[in-house]
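Colleague: Could you put together the complete structure from these sequences and hints?
The chain contents come next:
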Amino acid sequence: MNAMDLLLWSRGPGLGIAIGIFLFGMVLRLFEIYSLGRKRDLAPARTGGEGSGWRTMFTRSVPDRAQFKRSPVVFTTGYIFHIGFFIVLLFLLPHIELIRSISGLSWPALPTPVVDLIAVITLIALIVTLIYRIMDPVRRLLSTFGDYLAWTVTFLPVLTGYMAYHHLLFDYTLMLALHILSVELLLVVFPFTKLTHMVTLFISRWYNGEWFARKGVAS
Amino acid sequence: MTASLQKGINALREVLDAPIASYFSSCVRCGMCAEACLFYTETKDPKYTPIHKVEPLRRLWEQEYTLTGRVKKMFGLSKPVTDEELEEWSPLVYDSCSQCGRCSMVCPVGNDITYMIRKMREGMAISGHAPEGVIGATKRTIELGSPMGIKLPALQTQISKQEAETGLTIPIDVQGADYMALLSSMEIINFPEYLGALAKIFHNAGVSWTLSSEAFEATNSGIQIGVADLARDIVMRIVTAAEKLKVKSVISPECGHAFTALRWEGPNLIGRPYGFKVVHILELLDELRSAGKLKTTGKESEALTYHDPCQIARRGGVVEQPRRLLGDVAADFREMSDPGVWNWCCGGGGGVSANDRAEHLRLTAFKRKKAQLDALGVETMVTACANCRIVLEEGLEHYNMNVKVVGLTELVAEHLVEQEAGK
Amino acid sequence: MRDETLLDTLKRRGISRRGFLKFCATTASMLALPPAMAAEVAAALGKVRRPAVIWLSFQECTGCTESLTRAHSPSIESLIFDAISLDYHHTLQAASGHAAEEAREHSMKQDWGNYLLLVDGSIPLKDDGVYSTIAGISNLQMLKDAAAGAAAIVSVGTCAAYGGLPHANPNPTGAVSVSEIIKDKPIINVPGCPPIPAVLTGVLAHYLTFGAIPDLDDLGRPKAFFGESIHDRCYRRPFYDQGKFAKTFDDEGARNGWCLFELGCKGPTTHNACATTKWNGGTSWPVQSGHGCLGCSEPDFWDGGSFYKALSTPISPVTGAAAAAVAIGAAAGVAIGLANRQTKAAAKAAHQKATIADLEK
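Residue numbers (this note's numbering), protein chains in the order written: chain A, 10 to 228; chain B, 946 to 1368; chain C, -19 to 341.
Capping the alpha-carbon separation at 25 Å, the derived lysine-lysine pairs in BS3-like fashion look like this: (1) C/K324 <-> B/K952; (2) B/K992 <-> A/K78; (3) A/K78 <-> B/K1315; (4) B/K989 <-> A/K78; (5) C/K27 <-> C/K2; (6) B/K952 <-> C/K333; (7) A/K48 <-> C/K328; (8) A/K48 <-> B/K1222; (9) A/K48 <-> C/K324; (10) B/K1084 <-> C/K333; (11) C/K328 <-> B/K952; (12) C/K258 <-> C/K289; (13) A/K78 <-> B/K1312; (14) B/K1084 <-> C/K341; (15) B/K1024 <-> C/K341; (16) B/K1018 <-> C/K324; (17) C/K203 <-> C/K165.
Far from chain C, some chain A residues (derived; all Cβ distances over 12 Å): (18) R49; (19) L51; (20) A54; (21) G57; (22) G60; (23) W63; (24) R64; (25) R74; (26) G87; (27) I143; (28) D145; (29) L168; (30) L178; (31) L204.
Quick caveat, the hints were computed from the structure, so don't treat them as lab data.
Don't be surprised by glycine CBs; every beta carbon is placed ideally from N, CA and C.
Modeller: Right, here's the structure in full:
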């Protein structure tokens, strides 16, 4: 199998398989969660908290100032790599073309050197989070194989994309194939690791916001 | 598997629900909850990271309720929850968690970790992994009626004393009164002034109220240890008495978890809404104040601060009321750092104060409150929870701090504009 | 004529020595040789006696031959081509029928072990290769016979090099490339649909000069010509970096000569010399004419999805797979959901009311 075969496989059957596993897994996970149900709260709620679940879905993205000061590394690197990852994902032209070909939606791209710089910053932030995860006692204790796996499959697409663009290590064709395959690995692993948080955090925040709001607290 | 472990696992299977499943699915092990927990910030021991305290619950959820977990279990890739593990986790679930709810406010993905610890205690307690002190308190509540073993005669003694002191009658078992007041055992033993304060305030405001000889104890060890069946029995005493006396409302006293037990958990424990309302005493005082029925005179001149009890503020939504009340009676009220829903726990909530095993840890955790107080430099701290009050006093004594702790209701009562007799 | 040297032939055709040296210098530079090597190339090439060449055409369209013989003017490239002793080429030769085949066999016998074998077109393997025969001989058999006595083989065009169009899905004739059949001879792939004439003559010049095949990449292509991608050498590359793209073939971007990535250009994954040598005597090349690169010098370029869809898009639609996955996920979800509810219901049924005795183990 040569590089072009690999590229064609990754753009063809590979992508279909990866998207299939991703969607299968995520739908399954949502059923797993909601099938457990929740008892209706019989305690009369305080008034004025309606819609708080929806509100908390968004407000929880902004930390309390005092808490920010207590965990600056996690907050800073966390913001940088999340935002960076999504800028690279959503504003590099080839990616927009991919989204357009699947969904018909498109928007203007950022100049490639800008995306390139953001990719570097994202990679650095991801490396810092990894080092922090290994060095910091709390994160080291909490970390499981799944955490390192999730980190790896997040890091690889950015890295291989960067390397492909800069013709590092391998020829572009092979690197592009590896880049697409790394994204497919991310999709395959996604539903079965903590990466599900991208979807489920909105469920969690809703429950949290709703729970607190019934008690009259904006969480 | 022992029968008790079987029961514990079974209880955990029962309590695992969609919110918990979404919380575990969302956790990214960022560890930010550690910085929200005073048991971690004051010890820097990573095992006190809140989400770590529910690790056995997470594994059980994965094994029982997810496809990947079931597969892993089938191939022996996921180790089962054992008695040894639960025993190891007992100090994490009981000693180092006061159910303060701060981690639930901080978690970036929105996990209500406190909710999960509350649920996990259901399995821990029933499988015999609750600490002795908390078991003792629960036992006394079930067998004697109160965690401190206080019975009606003890209350009657305090009633007589307070009646003598205030010159007012303290009504008991009055049918059809508007309000039925409850007390916590700590108030009965340590702070009976609360009862006198109630009598004075209600007399002045013209509130019709009563105590019940059948249910005067507000605390509920059942929810602290985490046994819904027992918590239900305990809360049912109050419900039965209140519905028998046909009161319109029940007043939750200056006690944090009693409010949670009665106001938020109670209807869910008994499986139906109450035939009466539940108000916290601070809510009622604030209502009276707004209605002009609570007039005060004079203000405390010395600087004072307010300690928000977790279950009343963050987990109960009573935040502004105490500040309005204090505004009337304090000339120099100073807010602590992280006030209101961001308060730091006294360290003794959620059953920790009843748990002798946790004493050293609790006093270590008190360093947080000490730092807050040192920064503020006040000598009086007002609060609205008898348990906080005891724990704070112990902590202050341990660290030789010259700070006085006062109950807010009593403070308000002291400044009451007394109606002239006969009016 | 067979003993004439290359230089003699060229002279006879009216090419001056200066013109020949210029060609040698250009070839040397294309081959990435140091400038000093031009003289050596000239010396070696000048002395070369017309090598025997057999050209076999299999499943092909004659486009490769057209490309190489129909240069815009009688260039030195085409003359180099003329200067070889092309003993068999069934499109170009005058002989036909038995005479033609005899000429091939004669040449093979005479230069056994020394002739150069050029092949264009792919070889069908399915059904014993009945889909393409010449004089009743299957392509497979003819290739094997001719390859046995060849010093080296040049696969001319993408069909011979990688199977090309006949090999494209669903490949009804079971077409394969030369290198999938012949394993024991040096093979130089000069892919392209068609290949660039200068590249083929350059390869021949190299072979004639050094008597060895040039450095090849992992797809058997001379690195000197296929070492870089179209994208990297493209004069429109700065627009890619700036994010300026033509959206349609007649929009402002297209008129301004912006990057054709969105219109399906396969330049980033295509290795060829188009961007530097250009076509038709350096007149233009596909991207310059306003059309994206098709990727014709790469294996399976017909199977890489639409020529007009960006490289980063799926080759085949994913919506079917996605819909199926959601349906299967939902079915599995309902199943595990029911199992979960059963587990919970069983736990509830097994619940015995807790007493204080339960608290102590």
